[in-house]
Structures are given as C-alpha cells and as structure tokens.
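Spelled out from the first residue to the last, the chains are:
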Amino acid sequence: MMASMAPQRTGLDPWLLDRYRRDYRSLVRLAALLVDDTGVAEEIVQDAFVAVARRANIASEDRADAYLRSAVLNGARSRMRRRRVRARHLRSVGPPPTAPSAEAPALAAEDSRAVMAALATLPTRQREVLVLRYYAELSEAEIAETLGVSAGTVKTHAHRGLAALESRLEDQR
Amino acid sequence: MNTADRLRAALAHRAETIEPSPDALDRIEETLMTSPRFSQSQRWILGGVAAAVLLVAGIVFVTNSGGDDDDSGVATGTSTSTTATSTSTSSSTTTTEAFPPAVDPYGVAFPSPDTSRRFDGPQPAARAYATDVLGFTDPDLIVVEYRQGDSRSGEVVVTDREDGPETIIAVRQMDDDHWYALASETTDINVDMPAAGNSLASPFETNGTALAFEGTVDVVVVAQADLAQRGSGFVTGSGVPPAGPFSGSIFFSSTADTPGVLVYRTLSAEDGHVVQATSFPVRLTDEELPTAPDECGDTADDDGSGTGDGDGEAPKVVKVFFECTFDDETVPLRRTVPADEPAILTATLAHLLAGPTDAEQAAGFTSPFLGTNASLLDVVISEATATIDIEAVLADDLANSSANIVAVRTELFRTATQYSTVESVEVLLGGSCDAFATWSQSDDCLVTTVP
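Those protein sequences? They're chains A and B, same order as listed. Quick note on numbering: the first sequence equals residues 36 to 208 in this note's numbering. Quick note on numbering: the second sequence equals residues 83 to 533 in this note's numbering.
It is possible that part of the hints are untrue.
Unchecked claim - One-sided excerpt, in silico: chain A residues whose CB lies under 8 Å from chain B:
id	residue
1	Tyr55
2	Tyr59
3	Val63
4	Arg64
5	Leu68
6	Thr73
7	Phe84
8	Val85
9	Asp146
10	Ser147
11	Leu154
12	Val166
13	Leu200
14	Glu201
15	Leu204
What the hints assert, rightly or not - Cβ-to-Cβ under 7 Å is the rule here; a few derived chain B residues that face chain A:
id	residue
16	Leu93
17	Pro102
18	Leu114
Said to hold, decoys possible - Label pairs and their in silico Cβ distance ranges:
id	chain 1	residue 1	chain 2	residue 2	range
19	A	Pro49	B	Asp105	19 to 27 Å
20	A	Pro158	B	Ser329	20 to 28 Å
21	B	Ser314	A	Asp48	48 to 56 Å
22	B	Thr219	A	Ala198	45 to 53 Å
23	A	Arg148	B	Arg243	39 to 47 Å
24	A	Ser185	B	Ser329	30 to 38 Å
In case anyone wonders, no lab produced these hints; they're calculated from the structure. Yeah, the Cβ is synthetic: ideal placement off N, Cα and C, and Gly gets one too.
With the sequences and hints as input, model every part of the structure.
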C-alpha cells in the first residue's frame with residue numbers, strides 16, 4: 036500500500052505528502068504508459084514532485100494537481116525526445132554489437148499487446164491525449180489544461196488518434 | 083468491443099503491471115535536500131562513477147609509470163583521485179595509445195577513429211565533444227544527466243547553465259569498445275537539410291527551423307580529424323517563439339573526401355558563449371559546384387586554390403556569378419579568399435571584376451567586366467545594403483547596351499547577396515550614384531532585385 040511505504044517525513048509539505056500517497060502510483064503508471072519504462076516513469080514523477088515542492092507559488096492543491104500532471108507529461112515528452120535522438124542516430128551506425136536489454140512488457144492478453152503496440156506508433160500528441168482520456172479518464176477540459184492546448188485541439192487529436200489506432204489494428208488482422 | 087473500449091482495457095491491463103518502487107519518497111526527499119541541479123539518476127551515476135574512479139585511482143597510482151606525455155586530458159592517478167569527489171566530468175579514463183581504427187569515421191562525429199584519442203565512458207566522450215567540437219565553454223558546461231539506452235548506447239544531456247536549454251548528445255560504444263559521440267540535438271534547432279551522413283560540397287544549401295536570440299544560428303563546419311574549422315556562416319530563424327524557418331548557403335574548404343561535423347549553435351546574447359547545439363557527421367568533399375550548367379560546367383573551375391592546408395588557416399570559398407554564353411544564365415563559380423580576410427565582400431567583388439579565368443572563358447563563361455579597366459574603389463555595407471563604388475572608367479569601357487546593363491546589375495547583385503547581411507546593392511561610379519544611374523538608364527543606382 037502507498038501509505039505503508041511512505042513514513043512521516045518533514046521534506047514535503049503535508050498537503051503534498053497527501054498528494055504523494057494518493058497519486059504517486061497512478062502518476063507513475065500514467066508516465067509508464069507514455070514512455071514504456073517503469074524506472075524512467077518513476078524518475079519523471081519524482082522530478083515532478085520535487086518541482087512542485089520547490090515552487091512556492093504552487094500552494095494551491097487544485098493547481099498542484101494540474102501542475103503535477105503537466106510536469107509528468109512534459110517529463111515523458113522530454114524522455115521520448117531523447118530516446119528518439121538516440122534511436123535516430125543509432126540507425127545510421129547499424130545494430131549494437133550486443134543485444135539491447137529491452138524491457139519486454141508482460142502483457143497477458145494478446146489483444147492488449149496489440150493495442151499497446153498500435154498505440155506506440157501514434158504521434159506523441161495523439162498518444163498523450165488518448166492515454167489521458169482513456170487511462171487517466173480526464174475530461175477534454177482537463178486534458179487541454181494539462182497539455183496547454185485548446186479543448187478543440189484535444190477533441191481533434193482524440194478523434195484522429197482513435198481513428199488511427201483503429202486503422203492500425205485493422206491492418207494487423 | 084469498440085476501439086475505445088479496447089484501448090481502455092489495454093491501458094488498464096498494462097497499468098496494473100506497473101508497480102512503483104517502495105523507496106520513492108526517500109528519493110524525492112533526498113533530491114530536495116541536495117543539489118537542485120542534478121536529477122536523482124544523475125547523482126546515482128555520479129556516485130557510482132566517483133566510487134569507481136577512486137578504485138581506479140588507487141590502481142593507477144600503483145601501476146602508473148609516470149611516463150605518459152599525452153596532451154588530451156588523460157586522467158592521471160593524482161588528478162583522478164582529486165576530481166572524483168567533485169564531478170563525473172573529470173573522471174575520464176581516456177587513453178591515447180595508438181591502435182588501428184576499427185570504426186567507420188563517417189558513422190561517428192567524435193572522436194575521429196583516425197586519431198589515437200579514445201574515451202572509456204559516455205560522459206567523458208560527450209563532454210569532450212561538447213567542448214572541443216560544439217564549442218561549449220568548459221568551466222560553464224554542465225553535464226546534467228546520462229540516460230542509458232541499451233548496454234552500449236545512451237544520451238548525455240548537457241547545458242550551459244542552470245536551467246539552460248538542453249543539448250542531447252547521442253553516444254555509443256563502438257566495436258573497439260570505446261565511446262563515441264554520434265550527434266547532438268536540441269529543441270530549438272532542427273535541421274531539415276542536410277542530414278547526417280550527407281556528402282557536402284561547398285557551398286551547400288541548408289534549411290530547417292530555429293528559435294534563437296535575434297534568430298541567429300551560428301553554423302560551423304568542422305573537420306573530424308583535426309577539429310579545425312573548415313567553414314562557417316550563419317542562418318536566421320526566429321527570435322521569438324515558435325521556431326521559424328531558416329535557409330542559407332554555407333561555405334567551407336576541403337582538400338578531398340574527408341569526415342566532418344556540421345554544427346548549428348546558438349550563442350549567448352551576453353558574452354557569446356555557446357548555449358545549445360545541434361550537430362551531426364557529414365562527408366566533406368571538394369566536388370565542383372553543382373549549379374553550373376552542363377555546357378559550362380565541365381571545365382568551369384578556378385585555379386585549384388580552393389583547398390585547405392589542414393592547420394585551421396584554410397581559405398574561405400566564395401561564389402562569383404558570371405554569364406554562361408550557352409544559355410545566358412548567371413551561374414556561380416568558386417573563388418577563395420584568405421581565412422583572415424576581414425573584408426570578405428570586397429575580396430569577393432575583386433574576384434568578380436577580374437572576370438572568368440582563361441579556362442573558364444574557354445568553357446563558355448563570360449562577364450561584362452572582362453576587358454574593362456574598372457577596379458573596385460570602396461565597399462560599404464549599411465542596413466543590409468552594400469554600396470559598391472567602381473571606377474568611373476567602367477562607363478567609358480563598357481557600352482551601356484541592355485545586355486551589359488542587365489549583366490552588370492545581376493552579377494553584382496547576386497555576388498553580393500550571397501551573404502545574408504546583404505539584401506540589396508547600390509552601385510556608384512567614381513563615387514557617384516547618378517553616374518551609374520545614367521549609365522544604366524535607370525532612375526536610381528539601387529538594385530533590389532534582378533531578372
């Protein structure tokens with residue numbers, strides 16, 4: 036349980052400590068769905084909590100929720116960008132001499148594996164919108180606030196993302 | 083089940099397999115109580131490297147013969163043990179023993195496989211790349227983080243200052259077991275053309291998008307082997323978000339087919355230090371300019387002086403525009419000016435007024451300036467206008483036919499505007515704007531466009 040793994044400390048304000056106990060796991064899962072690496076996801080969420088703890092002007096709990104989500108999304112985006120940089124330039128020099136230690140997702144259901152594989156091929160913004168919508172269950176307005184875009188943009192990305200996902204899943208058949 | 087439901091179920095299924103580690107709060111609080119700059123993962127790396135270096139230092143201290151005379155920053159027993167407690171950046175276990183290159187020089191950016199410089203870790207390789215190739219100022223450079231990808235590759239994130247923009251350096255342990263920098267990228271500088279691995283002849287066209295102070299992006303062509311600058315220039319993107327498109331021509335000199343690195347970087351408005359840099363390896367060639375038409379292109383060459391001497395004093399390659407008699411097109415030919423030439427436009431225009439060489443004339447190139455005694459009096463650039471003062475004798479030596487007028491205006495305009503600081507030209511004859519306006523049967527001596 037989250038509570039049991041978080042003994043009382045003095046480093047975080049009580050309200051942020053409550054947030055940690057309530058949201059840490061779900062935020063790590065959110066980040067992991069975007070970067071497909073639990074270790075990296077944990078670093079992203081920890082960095083987000085550190086950032087909130089250091090920002091005195093985020094005293095409001097309501098603002099902290101949105102800020103945490105945005106920080107996690109930005110962190111995930113940054114990691115994915117770095118990963119793409121490496122992947123792009125590694126392609127130019129061929130495969131590595133030794134096999135990479137890839138983290139194989141342990142999905143039990145074949146359909147889930149297919150859906151996640153198709154999701155990974157979508158553009159970043161579409162993938163973010165779909166994860167926030169269908170995993171975090173955020174409203175269009177909340178997604179818009181998290182991503183810093185308009186609700187209309189969210190709607191567009193959600194529609195196109197879902198259509199693209201469906202198309203890719205059809206192609207796999 | 084529709085697609086949305088399948089997605090929801092898949093996300094939930096995947097999420098259930100993700101369980102955070104139990105010591106997350108410890109890590110957050112540790113981070114809060116220590117340096118604000120470094121991430122958790124970086125401190126682990128720093129700590130691990132420091133411990134390893136201390137161990138290595140002990141071994142080196144025992145085994146070091148003390149006879150190494152290398153000059154590439156090799157960590158000695160003394161310096162290693164001293165720096166291990168501060169940062170990982172001094173923990174290089176660089177070695178300089180000569181051995182045959184086993185790495186394709188065109189596949190990496192740094193270090194050159196043809197030299198003896200090697201790095202035994204990703205961060206030392208990235209740091210040296212950042213300072214020696216990208217131009218970051220060493221004491222200010224911060225190695226933020228190393229993100230391991232697989233067992234032999236990853237990214238090193240560097241920045242010029244606290245909270246500065248990130249430059250991500252892709253690194254790879256190659257077949258010789260040493261670490262190399264492959265390229266670097268930033269958010270603010272994205273190069274569409276050329277791309278990594280392209281063969282480039284001077285001048286080459288480049289475009290992309292950039293966000294930089296006053297939009298200015300410094301472009302540098304670096305030879306991989308000796309790290310000498312073979313050419314430089316700048317392009318202009320946007321000074322305010324979002325990033326704006328840039329395009330331009332960059333000149334360089336190259337003796338032959340040789341590995342190089344193309345660096346796009348933004349500089350600090352305060353002191354000019356490098357803020358961030360996108361870079362990648364390219365192949366530098368000394369091929370002919372590709373823009374000459376076939377009829378004129380076969381022998382359209384200068385006297386072969388467009389070569390570098392390998393010690394950083396290579397001449398700059400510039401363009402002069404002449405007419406091709408086969409199709410009346412105005413096309414560029416290559417000339418060189420000294421690397422330390424302060425008035426590059428003046429030097430370029432002097433080449434223009436000299437006209438095509440004998441070989442070029444035989445190949446079909448011509449110029450209205452051929453056979454005239456006109457020489458250059460003065461060149462001044464002000465507010466993007468180059469004022470070019472030519473001896474008045476030009477009016478006497480050259481008939482003001484419509485063909486000559488067009489050719490003079492076109493050659494001067496196109497030659498001057500190859501430089502991004504020039505957008506128009508003002509032509510004076512003997513210091514007189516009216517004299518050129520009269521000769522060219524125009525109302526003004528200003529040329530802002532050509533056919």
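Right, here's what the structure says about each hint:
1. With 8 Å as the threshold, the beta carbon of A:Tyr55 comes within range of chain B, its nearest partner Cβ sitting at about 6 Å, so the hint holds.
2. This hint holds: A:Tyr59 has a C-beta 6 Å from the nearest C-beta of chain B, less than the 8 Å allowed.
3. At its closest, the beta carbon of A:Val63 sits 5 Å from a beta carbon of chain B; the interface hint therefore holds under the 8 Å criterion.
4. A hinted interface residue such as A:Arg64 counts as satisfied when its beta carbon comes closer than 8 Å to some beta carbon of chain B; here the least separation is about 4 Å, so the hint holds.
5. For A:Leu68, the suggested interface contact is upheld, since its CB lies about 6 Å from the closest CB of chain B, less than 8 Å.
6. Annotation: interface hint on A:Thr73 holds; nearest CB of chain B at approximately 5 Å, less than 8 Å.
7. With 8 Å as the threshold, the beta carbon of A:Phe84 comes within range of chain B, its nearest partner Cβ sitting at about 5 Å, so the hint holds.
8. Annotation: interface hint on A:Val85 holds; nearest CB of chain B at approximately 5 Å, less than 8 Å.
9. Hint status for A:Asp146: holds, given a least beta-carbon distance of 6 Å to chain B, under 8 Å.
10. Interface hint at A:Ser147: satisfied, since its Cβ lies 4 Å from the closest Cβ of chain B, which is below the 8 Å cut-off.
11. Among the interface hints, the one on A:Leu154 holds; its C-beta lies about 7 Å from the nearest C-beta in chain B, closer than the 8 Å criterion.
12. Restraint check, A:Val166 versus chain B: the minimum CB separation of about 7 Å is within 8 Å; hint holds.
13. The restraint placing A:Leu200 at the interface with chain B holds, with a minimum CB-CB distance near 6 Å, inside the 8 Å limit.
14. The interface hint given for A:Glu201 holds, since its Cβ lies 4 Å from the closest Cβ of chain B, which is under the 8 Å cut-off.
15. Annotation: A:Leu204 was flagged as interfacial toward chain B, and the flag holds, the nearest CB pair being 7 Å apart, inside 8 Å.
16. The beta carbon of B:Leu93 is positioned within 7 Å of a beta carbon in chain A (closest approach about 4 Å), and the interface hint is therefore held.
17. Because the closest C-beta pair between B:Pro102 and chain A is about 5 Å apart, less than 7 Å, the hint holds.
18. Evaluation of the B:Leu114 hint against chain A yields a held restraint, the C-beta minimum of about 5 Å falling below 7 Å.
19. Taking the beta carbon of each, A:Pro49 and B:Asp105 are about 20 Å apart, inside 19 to 27 Å as hinted.
20. The given range of 20 to 28 Å is respected by A:Pro158 and B:Ser329, whose C-beta atoms sit roughly 26 Å from each other.
21. In this structure the hint that B:Ser314 and A:Asp48 lie 48 to 56 Å apart at CB holds, the actual value being about 51 Å.
22. A C-beta distance of roughly 49 Å is found between B:Thr219 and A:Ala198, which places it inside the suggested range of 45 to 53 Å.
23. Take A:Arg148 and B:Arg243: their Cβ atoms lie about 44 Å apart, and the range 39 to 47 Å holds.
24. Separation of A:Ser185 from B:Ser329 is about 31 Å and conforms to the stated range, judged on CB atoms against 30 to 38 Å.
In summary, the structure agrees with every hint in the numbered list given earlier.
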